[in-house]
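All chains should be modelled from the sequences, with the hints used to inform the complete structure.
The numbering of the sequence shown is our numbering, which starts it at 116 and goes up by one.
Take these hints with a grain of salt, some might be off.
[Claimed, not checked] Across the chosen pairs, the derived CB separations fall in these ranges:
| id | residue 1 | residue 2 | range |
| --- | --- | --- | --- |
| 1 | Tyr-367 | Ala-326 | 17 to 25 Å |
| 2 | Val-392 | Ala-431 | 18 to 26 Å |
| 3 | Tyr-367 | Pro-475 | 17 to 25 Å |
| 4 | Val-348 | Arg-188 | 33 to 41 Å |
| 5 | Arg-296 | Tyr-367 | 38 to 46 Å |
| 6 | Leu-283 | Lys-206 | 45 to 53 Å |
| 7 | Asn-323 | His-433 | 24 to 32 Å |
| 8 | Thr-416 | Thr-384 | 17 to 25 Å |
| 9 | Arg-484 | Gly-325 | 38 to 46 Å |
| 10 | Asn-323 | Asp-405 | 30 to 38 Å |
| 11 | Pro-475 | Arg-299 | 39 to 47 Å |
Simulated from the structure, these hints should not be mistaken for lab results.
Keep in mind the model is a prediction, meaning the values are calculated, not measured.
All C-beta atoms in this analysis are idealised placements derived from N, C-alpha and C, irrespective of residue type, glycine included.
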Amino acid sequence: MSDMIEQGPGRPYLRVAVCIALVAAAIVFVATRGGHHPRRVTTPVNPLPTAPLVVQPELPRELSGVPMRPPVRATMLLGGNGLTEFGVDTKRTRRLMSTSTSSPVQLLTRRGGVVAVLAADCSRCAAPVVFIRAGGSTALPIGTALAVVADVADDRIWLINSPRSTDLRQSNVSLVDVTGRVIRAAQDVDLDTVFHGTSGGLLGYSANAGAIELWNPATGNMRHIATVPTRPVLIDASNSAAAWTDFAAECYAHCVHVLRMDNATHVSTFSLPSNYVIALQPNFGAMSPDGTRLGLVVRRTGMELANVQVLVTDLASHEVTQVPGTRLSPDDSGVRLSIVWDRASTALWIADSDDRDGLPVQLGRWPLRGPLRLVTAAATDITSIAQVDPTSQ
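Following this line, the structure appears as structure tokens:
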């Protein structure tokens, strides 16, 4: 009895409290002394390798080269907002036409001067065609046309107009000389794209036949030259050759088809360098008069900085050469280069203008090797260019 009184009854709550205290002490010990400190473990993240930022240098806005010394004795016609005659050796300019309705859209060198197609009032309207004699101050009207192409006789041109027939795949053509005298009266022919006058007749593309054909004006017969499955975009032509591109999936303006007419007629095709396409704008292509070379204004796009430049291709070997000093940054309105060969097929003339910048026109002459040779003219806008042939009629 005394024992029970001395120890008293059992105290279960005390045991519970002691157990809780012991567990708490163990937790504190482990957390602070007896174990590892809690730590957030993360896996190191190595940043993905990134290519260094390469800032593409801005391309020049003007042609680059060396001064034209000694200056070449030549007279150039510059067509833009008017028509300007420029003496390359004298650096003298003379304004021949200055009104907006007198803006030349096409210039074609002929014996003794240049034929100009002036701006029309609408896109499909026939425009005035005039002849400017070498050293002359007046423009002689010789007809109206949508476009002109050269004839094998260097004092004659073909006037190209819409057909009078209901077949819109035809063209109405007439042959005149540089005085406007009619050599062959207007006639509808089965050519919807006319290339050039040759010794065998008028060369062009017949959409009805799906082929390049040669129309004999004396007999009216068509001679099949080459089957062309897609409509061509004519680049340029000479008495003995023609070049065109098309928009077929395998071509799409980066390949060139070449027709050569010598002892035999044959067509070959070559592609431009990677990522180059033809810049389809006025005066984007020029074939040398002897039919051996083709100049092209091209545009490069893709991963590199977009640019325009001029290439020259040997039509026999298809070797492509970049004309030095012509790789430029295009402006907002597009390509600013116009090209034309001299009459001897020994040099390519290049005009670079930018009326947005108000800078003088640069003329470059590339004699197929060496640097581009430059001269400036007191004009600010170019859409066409031609060299005046001083040969008298």
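To see whether the hints hold, each was checked on the structure:
Taken as a hint, the range 17 to 25 Å holds for the pair Tyr-367 and Ala-326, whose Cβ atoms sit roughly 21 Å apart. Evaluation of the 18 to 26 Å hint for Val-392 and Ala-431 yields a pass: the beta carbon distance comes to about 23 Å. Here the CB-CB span from Tyr-367 to Pro-475 is close to 36 Å, at odds with the stated 17 to 25 Å. For the pair Val-348 and Arg-188, the supplied restraint of 33 to 41 Å holds, since their beta-carbon distance comes to about 35 Å.
Checked against the hint of 38 to 46 Å, the C-beta distance between Arg-296 and Tyr-367 comes to roughly 43 Å, which is consistent with it. Under the hint 45 to 53 Å, the C-beta atoms of Leu-283 and Lys-206, about 47 Å apart, fit the expected range. The supplied range of 24 to 32 Å is met by Asn-323 and His-433, whose beta-carbon atoms lie about 31 Å from each other. A beta carbon spacing of about 22 Å between Thr-416 and Thr-384 agrees with the range 17 to 25 Å that was offered as a hint.
At about 41 Å, the CB distance of Arg-484 to Gly-325 agrees with the hint of 38 to 46 Å. Between Asn-323 and Asp-405 the C-beta distance comes to about 32 Å, which sits within the given range of 30 to 38 Å. For the pair Pro-475 and Arg-299, the supplied restraint of 39 to 47 Å holds, since their beta-carbon distance comes to about 43 Å.
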